[in-house]
Amino acid sequence: MEARILNEFRAIVGAPGLITEPEQLSTYECDGLTMFRVLPLAVLLPTSTAQVQAIVRVCHREKIPFVARGSGTGLSGGALPVAKGIVISLTRMNRILEVDLPNQRVVVEPGVINLTVTARVAPDGYFYAPDPSSQLVCSIGGNVAENSGGAHCLKYGFTTTHVLGMEVVLPDGSLVHLGGRTVDRPGYDLPGVFVGSEGTLGIATQVILRIVKKPEVIQVLLAAFNSTNEAGAAVSGIIAAGMLPAAIEMMDNLAIQAAEAAVQANYPNCGGLLLVELDGPAPEVETLMEEVADVCTKCGAWEIHVAQSDAERARVWTGRKAAFAAVGRLAPAYIVQDGVIPRTALPHVMSEIVRLSSEVGLRVANVFHAGDGNLHPLVLYDNSVPGQDKLAEKLAGDILRLCIKAGGSITGEHGVGEEKKMFMAEMYAEPDLDTMQLLRCAFDPENLSNPDKVFPRPRLCGEKPGVYEPHPLEVAGVVQRF
Amino acid sequence: MPAASGVMTPVSWPELAEIVGKEHLRAATAADAIDGVEAQRVAEPGTAEDLARALRWAHAAGVKVSPRGGGTKLGWGNPPAACDLVLSTARLNRVLEHAWADMTVIVEAGCRVADLQKTLAEHGQRLALDPLWPERATIGGILSTNDSGTLRARYGSLRDLIIGITVALPDGTLAKSGGKVVKNVAGYDLAKLFTGALGTLGVIVQAIFRLHPLPRESRSLSFSGTPESLNQLLLAIQASKLTGTGLQLRAAQGSAHLEVRFDGTAAGIQAQVKQVQQIAGSMAASDAPANAWTSHQAIWDGATPALLTKFSVLPAQFAAVCALVERSAGAQSLAWKIVVQTVGAGYARLEGNEQGLRTALLTLRDELAKMGGTLVVLGCPVAIKRGLDAWGPPSDAQPLMVRVKQRFDPDGTLNPGRFVGGI
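Protein sequences, first through last, are from chains P and L.
Residues in the first sequence are numbered consecutively from 59, following the numbering used here.
Residues in the second sequence are numbered consecutively from 36, following the numbering used here.
Among the hints, erroneous ones may be present.
Said to hold, decoys possible - Partial list, computed: chain L residues near chain P (C-beta under 7 Å): (1) 53; (2) 130; (3) 136; (4) 219; (5) 222; (6) 347; (7) 362; (8) 432; (9) 435; (10) 438; (11) 455.
The set of hints was computed from the structure by calculation and includes no laboratory data.
Remember, it's a predicted structure, so these values are computed and weren't measured experimentally.
Beta carbons are placed, not taken as given, at the ideal position from N, Cα and C, and that holds for glycine.
Generate coordinates for the entire structure from the input sequences, incorporating the hints supplied.
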């Protein structure tokens with residue numbers, strides 16, 4: 059990078075806010091998805107909106123691509139740097155600016171850690187609902203980029219439900235306010251499209267969050283089944299009975315073993331473990347918990363246990379949230395996958411996963427947000443065996459294709475990022491992707507903000523989108539538009 | 036935005052008849068006018084593909100288009116700068132797939148809300164929304180106007196329930212975003228972009244929603260008092276561990292009420308009713324009147340001329356809004372009533388003389404802006420409407436919104452002038 063530009067950056071953020079030494083830059087060469095690594099030209103650590111704006115203005119003037127980064131816990135390579143670009147790390151913008159309890163709003167800077175928000179309002183009986191497993195370290199800015207979910211979004215919704223507005227530095231350096239403290243502000247729902255846009259539309263420098271009152275009672279039930287199919291039937295039974303639990307999680311035997319080894323969660327050793335959390339008024343939770351237990355018994359549960367204390371409940375959840383990392387005890391390497399299927403497709407998709415995994419001879423541990431059909435298959439492999447990483451990658455990809463075929467999605471919460479952009483062309487037809495690009499071009503016509511992510515092909519914003527032509531598969535009657 | 040009608044040469048309507056079928060293209064009447072702007076034709080295509088082709092034809096011919104569902108909210112927004120063709124979704128009215136075990140539904144845009152709810156109820160489910168005039172309003176219409184209702188307190192608004200969308204763009208593209216799973220972050224969430232866009236970016240032809248079970252039991256309570264005491268009660272309920280599915284405050288000259296609704300198991304409801312009475316202390320509860328939860332609809336009935344507005348403020352400001360409306364209306368000798376849901380969105384109606392309505396409106400809008408709120412005009416005499424922007428002063432995101440519009444509808448074919456800042 060030219061010295062004059064570096065000097066300009068240094069003048070904006072100060073010497074301690076500019077990183078250019080290769081060994082320091084390597085900290086930023088990847089995010090939670092370590093298979094992709096790119097060294098950026100520089101990393102900048104702004105401490106204010108004005109600094110972010112000044113940096114982006116320079117980038118815009120000089121046509122330097124930039125990638126915003128929070129805590130770097132993303133699992134799809136969304137914060138992977140661009141070779142000839144810079145990384146803007148928002149970790150130093152980590153203040154909680156305002157807490158408004160009567161109106162249930164909290165205003166934060168993007169570097170604030172997810173769990174810090176809950177910690178701040180918990181003494182008053184509130185919590186911040188989106189709870190990705192990385193919530194101890196992941197940032198609100200990153201959550202906004204990825205539209206993060208978590209186990210409890212079945213009932214409480216995703217990040218997008220809990221973000222009312224934000225201050226955004228657009229890719230040309232201008233500052234806009236999308237949404238606000240009040241709901242239904244006139245105009246297009248731009249917060250709705252910004253959340254989950256994976257850093258491709260600009261940088262959020264302030265976020266207005268909605269907080270939620272803690273429920274009166276929270277109970278979690280563990281049910282042990284012989285198979286994930288039996289457990290899956292119980293999930294359908296619970297939903298069909300008209301209940302909306304706060305969370306329904308499922309683990310298969312391999313995932314249970316891993317979690318047990320890592321955190322001794324006291325899970326029963328079974329083929330399919332279900333974890334059902336209900337919350338709400340005490341008499342209601344009591345009634346419904348009995349119904350849940352009934353459904354589980356009818357579906358073949360041979361052990362049912364309701365956690366008796368807050369401490370026990372916490373331990374149950376620690377096991378689940380540690381599952382990804384715990385799988386590291388079973389194999390030297392693994393790929394975390396993130397696909398979504400309609401709940402009813404679970405038995406079919408599970409048996410297909412078993413078939414595929416035995417075909418290539420690799421083990422797959424399964425952790426699901428079963429209530430909303432979000433699968434997290436963990437493909438285990440040994441990276442010291444030549445070629446096995448490629449096999450694992452192919453198996454992970456085939457599992458995604460299963461999800462698409464079942465009418466689902468290639469990602470429920472981890473994002474498309476760098477990892478899955480080629481799969482976008484399998485999930486969506488060309489006109490769908492072209493239409494999404496219209497939005498991107500309105501925000502970022504020069505393609506500077508996290509370029510080359512999410513979409514399979516770059517697109518020039520000068521082009522006029524073509525007229526819709528049916529996809530060949532549609533004409534052949536193989537796929538249907540919905 | 037280009038304002039005037041784009042029709043340069045005589046329009047070849049037979050071409051459109053060929054696309055939608057002769058019997059589905061008719062001359063427009065005064066009843067099809069939008070804020071006094073009369074269209075020339077009304078087309079009712081029978082498939083999404085035909086609708087897209089009709090739109091593409093209109094776009095190429097410079098014909099300005101207003102999409103229409105049930106036509107219940109056509110007066111919302113600014114008067115159109117031009118409208119040559121009303122594109123109706125009336126024949127796209129099927130429920131395509133109710134995957135009840137997955138609790139999702141795929142529905143065409145022209146399906147009436149009540150018809151959809153009836154189908155869903157067969158499996159004990161519902162789209163957890165109670166918008167205005169469900170017997171006539173369509174899915175595409177409530178989406179385009181972002182009209183949710185009182186259940187929003189618990190289930191969120193349309194943006195939280197829609198999981199997939201198919202839209203027709205002016206160039207004839209049929210594009211989808213999202214899908215039929217409740218959790219999905221693949222690509223941009225265009226369903227949210229089109230929700231509340233008033234048909235200015237494209238025409239919604241299909242939507243996919245997540246569903247909720249119908250409540251087992253339901254009970255609603257009503258409290259009377261001053262707006263101040265009821266606002267305090269509302270905040271106390273909101274800050275409690277109660278899990279109501281509705282919480283609203285309504286007020287008119289000399290009266291104010293708060294209603295709260297509990298859904299769930301009998302035992303759960305009973306316990307919550309007891310708790311809410313404890314919170315209310317000396318304020319006595321009664322069972323809510325049967326029409327309490329259609330108050331947002333009843334506010335549309337009354338004497339004319341009237342001004343109908345949607346406002347948005349913070350929950351702690353409700354009493355201040357009541358006082359503000361009372362003061363502004365009183366100064367002009369206008370009758371007034373308001374109903375506001377706990378999330379902060381409400382309607383206000385003012386009745387009286389036209390000059391008084393105009394003056395009160397400007398005061399209300401200024402004062403609400405000072406409080407950080409917004410005010411949108413939904414209905415008023417056209418003469419008042421022509422002198423202002425129904426949406427209020429544009430925000431600093433207006434240039435960005437204009438760029439979004441230009442990308443999706445570069446020639447301003449769809450509903451020109453009706454949206455914020457003249458988009």
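Each hint, compared with the structure:
1. 53: Check failed: Cβ of residue 53 (chain L) comes no nearer than 18 Å to chain P, outside 7 Å.
2. 130: 13 Å, violated
3. 136: The hint holds - residue 136 (chain L) has a Cβ within 7 Å of chain P, the shortest such distance being about 5 Å.
4. 219: Check passed: Cβ of residue 219 (chain L) comes within 4 Å of chain P, closer than 7 Å.
5. 222: 5 Å, holds
6. 347: 4 Å, holds
7. 362: 21 Å, violated
8. 432: 4 Å, holds
9. 435: OK, holds: residue 435 (chain L) within 7 Å of chain P, min 6 Å.
10. 438: Check passed: Cβ of residue 438 (chain L) comes within 4 Å of chain P, closer than 7 Å.
11. 455: 5 Å, holds
Checked against the numbered hints listed earlier, the structure breaks hints 1, 2 and 7; every other hint is satisfied.
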